[in-house]
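J.: Since chain A is already given, all that's left is putting chain B on it; use the hints.
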Amino acid sequence: MTTARKVVLRFPQRLVDKPILYRLAKDYDLKFNVLKASVTPKQEGVLVLELSGRKKSYEDAVHFLQETGVELQPLVQDVCRLEERCTHCGACVTICPVGAFTVDPSTRRVDFHRTRCIACELCIKACPVRAMEVRL
Amino acid sequence: MTKTIAEINEKIAKGQAVVVTAEEVVDLAKKKGAAKAAREVDVVTTGTFGPMCSSGAYFNLGHSKPRIKAGGGQVYINDVPAYTGIAAVDVFLGATAIPDDDPRNRAYPGEFNYGGGHVIEDLVAGKDVRLVISAYGTDCYPRRKLETWINLKDFNEAVLFNPRNAYQNYAVAVNTGDRTLHTYMGILKPRLGNANYSTAGQISPLFNDPYYMTIGIGTRIFLGGGIGYVVWNGTQHNPNVPRTEKGLPRRPAATLAVMGDLKQMSPRWLVGTSFTGYGATMTVGIGVPIPILSEEVLRYTLVTDKDIYAPVLDYSSAYPERSSDVMAEVTYAQLRSGKIKLEGKEVPAASLSSYSRGVEIANTLKEWIQKGEFLLTNPVAPLPGVDSGIAMKALEERPFDTDQESQGDSA
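Protein sequence lines correspond, in order, to chains A and B.
Read in order, the letters of the first sequence are residues 0 to 135 in numbering that gives the first Met the number 0.
Read in order, the letters of the second sequence are residues 0 to 410 in numbering that gives the first Met the number 0.
Next up, chain B with everything else stripped away, as it sits in the complex:
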C-alpha cells in the first residue's frame, strides 16, 4: 500500500480525505489494525503549543516622507529593540528582546513582563504599537528621527520567522540544589521539589515522524493560527542521538525552522511569555500534517506517551556547567501521571507545553484539511537525517592571547 501526496490532495480537494489526529489514529489502529488503518487514513495531524525562544518576525516598515534609513540605526517597537542590520526599512524583532530600561535581573528574580514576543502578540491582536526610529541621516535618507503609531496591516510584509521550533524531545528539568532556581524551564524548587518538561509528547509533530520521512523543507504547516512552512532544519538540529527500538530519540534531536505570513496569525497561537528570573519569549502553536504514504509512515504515528523517553537534567549544576550528565530517563506516561521517581523521591511533574492546546491545533488542522482549505505539499528537500553526519558542536573557546598560527593544521 502506497499513496502519493498528489493522490491525497485530490481527495482533500473533493472533500473525501480521511483525516485523524495523532491521538485518534492510535485508537483507530487498535481497532482495525495498522495495515487497514494505513489504507483508510490519508492524513494524521499533530500539534504542539509551547514556549519557543528562537522565534521572531521581520517587517518592512514602508518608506516615510522624507525617507529615513533604519538600517544601521536604532528601531524600537513598544520600547523593545529590533535588529536593524539589514536594508533601510527592514527590521527583525526577536521574541526574547526586552526594553533597554527593563531592570532584567538587577532585582533578582526579574519579571520580564514585556518583550518581543509580547509585541508580536499585540500586533496579531490588531493593536497599534509605537514605532521609534533613530538614524544617522544620509543624502538619500535624510531623516534622523521618526515616531509613529503603526499597525500590523500597515507593514508591507510582516513575516514570522523562527530559526528553531518544535524540538523533537527535550530535557526534563529538576533542581538538586538548596535554593530555588528561575530558569527557562520555569521555577525549579530546591531538593528535587518539582520537575518541568516541555514537549507535547505523543501528539508532537516530530515524535510522529521520527525519521523525517514526510516532514521536510517546504512542508506546509499550521503556524501561529495561520499557514506557514518548514523552511529549513532548525538550529541545533541533531538527528543522530540514541533512539528507542521504535526509532524515537531519547535526547533532544531534530528541530524545525519555520516561517509564515504574520498577518494571518492570531494572538491565541502566538502568546508573549515571561520566565521569571530568565527572560521574555513567545509561546508558539505549530501543527504538522503527516501524509500517510505507507503503512510504515502510519506505524510511526502510533506513538504514545509510554514509548517516549526524556532525559532528566539537573539545572543546579549539570545544565549550567554543560555537563552531559543525565540523572535518569523517564517516559512521558510517567510525566503525565503528575509525578516521577528520582533518587527514591516522588517528584511532582508539570508541563510547560499545553497538551490541550496542542490537541486543539491538531483538530484545527484536521478541520482545515477536511474542508479542503489546506492542501499538503511535497517537501523540496529532506531534513538532514540520522546519517547526515551532523554532530552538535559546543563552543570551545580559543582565547585571543594564544598564537593563531600555532593552532593551524600543522598543530
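The shape of chain A in the complex, shown without the other chains:
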C-alpha cells in the first residue's frame, strides 16, 4: 500500500546541517517533493514536503524523524477559492510562486489548481475581491 502526504517539518537548530532528506530517500525509499523551504542559519529550518512511498516506510520514516528531533505536522492549512466571489480578473496569476493559477486561453477564466497549491497564502492579500480563503 502506498501513501502520499503533505507535511510540515520543523528542524531545530542542531539539525539544520544534517542530511535528513537524504535518509528519507535512502533508508525509507520515500519520494519527496519540496513544496516550500526556509532555512535560517543558526535558527531553525521549515520544510513543506510531499512524501510518497509505501505506507509502512512512511510510518517508519515518521518514527525516525521524531526520534531525531524533527517536529512533524500534517499540512492542514488549505487555501480555497470562494467560487461565487472570484471575478476571474487574474491578479493572483503572477503572484502565486508555484503556478497554481492559470488563465484558460479560450474562456479567459482563471483556473485554480488546488493540487499545486502549497498554502503559502500570498494570493489571499493579492486577491482584490478577497475570494481566496485559508481553511484549517
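Quick caveat, the hints were computed from the structure, so don't treat them as lab data.
Here the structure is a predicted model, which means the values were calculated and not measured.
Virtual Cβ for every residue (Gly too), placed ideally from N, Cα, C.
Some clues are possibly wrong.
Quick list of the computed label-pair ranges, beta carbon to beta carbon [as the list claims (entries may be wrong)]:
| no. | chain 1 | residue 1 | chain 2 | residue 2 | range |
| --- | --- | --- | --- | --- | --- |
| 1 | B | Gly32 | A | Glu120 | 51 to 57 Å |
| 2 | A | Ser105 | B | Phe399 | 54 to 60 Å |
| 3 | A | Val33 | B | Gly32 | 53 to 59 Å |
| 4 | A | Thr39 | B | Gly84 | 31 to 37 Å |
| 5 | A | Glu120 | B | Gln15 | 33 to 39 Å |
| 6 | B | Glu366 | A | Arg134 | 54 to 60 Å |
T.: Showing chain B alone in chain A's frame:
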C-alpha cells in the same frame, strides 16, 4: 449606408435588430467584409469589469420623527463615513471611504477589507446595513443622534454616481525597485517581477468608439447589472493624446461619468474590492451599446488586442514622482499572452480587469436589446473630442507664503 438610432430602435422594438458583441463583430466582418457587416449589424455591445475608484452612490435617507439634519453632521453606514455636506437627509458614500478606526497602513501593508464599495455591494445584495447619524440639532431638526438598521429599499432614492469610469486605455504597472510595492494596480514584485494591466482591451467600450462618434452625454448603458446613463465626460477626460493609425489612444484618454438607479443593480456587477497596502474600492461592470450608424462606426468596432498599445509605467519611481517616463509600449495581444518583454527580461503579465466578465456584460446587453427590453438613446451632447482643446493639468503648487499679487496677470 447610414442608419439612425430611431431606425435601429424600431427594429429593436420589433425584435428584429441584429446585435453582436465586440468579439463577434470581428469574425463577422472577416467573413462578410466590413461593408456588408455594417449593413447587417445594428448594434455592437461592449463590456468592462474592473476596479473603478471614482465611484459612489448618493442616498436620500427619508426623514425620521422627530427630524434630524445629517447635513453638516456625521453619517456612517456600516461604520464607513458618508459625505453630508448637502441637504438634511441626502448623503454621498464614496467607494474608497473606510471606517475611521480602520488601521490603514499603520501596519503596512494594510488590508482594507471593508469600505464604501463593500457597503454598496451589501446594499445591492439586499442586506440590512447600520446607519448612524450625529447632528448638531436645530429648531426645525431637533434630533442629535439616530441609529437604525436600513435596507436599500427603504431609501427614497439610491443612485450610483461615478465621476470617472471606463478609462479609455490605462497604464501597465511594473516595479523596477528592490522591494515589493502595494499599489492600486495590485502587488508589484521587485525587479520587474510582474506587470499588471487593467482594461478589457478589445471589448472595452471606448476602444470600440475611439473618437466618441456614438457615445455621448445621455447614452443609455448597462451599469452595475441595471440600466444607467453616461451623464458627462469623466474626470481626467483627456482625448488629445497620441493615437495609432487606427485612431486608438496610446495613453489613458477618455473617461465617462455614469449614473443609474442603484435599486436595480446587483452584487454580481458591483463588488467591494480591496488593494492591500492601498485602499478599498469597487469593481464596476459597464457595458455600452454602439449603434452601427455607418460603415465607419463599424470599422472602429473591429479593434482587436493586437491593435491596442498601452504604456508601461514604473511604479517604483516614475508614477509616484509624476514623471512622464514611459518604459515601453506593449500591445494587449502581448499582455494577454501572459508575458511581456521588458529590458531583455520576460515579465509575467496579469490583468486586474476581468475579461470573461466583460464578455458576459456584452452578452447580457446583447440579450436585453434582442428581447426589446433596452432601447438606444441619441446623445444630447457629444463628449469633448480630440479638438476640444482639453489638456490635462497637473497640480502645480503655489505655497501660501508667496505674495499672491506678484503672481497675477502682470507677472
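J.: Next step is simple, just say for each hint if it's right about the structure.
T.: Results of checking the hints against the structure:
For the pair glycine 32 of chain B and glutamate 120 of chain A, the beta carbons lie near 53 Å from each other, so the given range of 51 to 57 Å is met. Look at serine 105 of chain A against phenylalanine 399 of chain B: about 59 Å separates their beta carbons, and that is inside 54 to 60 Å. Judged by the Cβ atoms, the range 53 to 59 Å given for valine 33 of chain A and glycine 32 of chain B holds: they are separated by roughly 58 Å. About 54 Å separates the C-beta atoms of threonine 39 of chain A and glycine 84 of chain B, a value inconsistent with the hinted range of 31 to 37 Å.
About 54 Å separates the C-beta atoms of glutamate 120 of chain A and glutamine 15 of chain B, a value inconsistent with the hinted range of 33 to 39 Å. A beta carbon spacing of about 37 Å between glutamate 366 of chain B and arginine 134 of chain A contradicts the range 54 to 60 Å that was offered as a hint.
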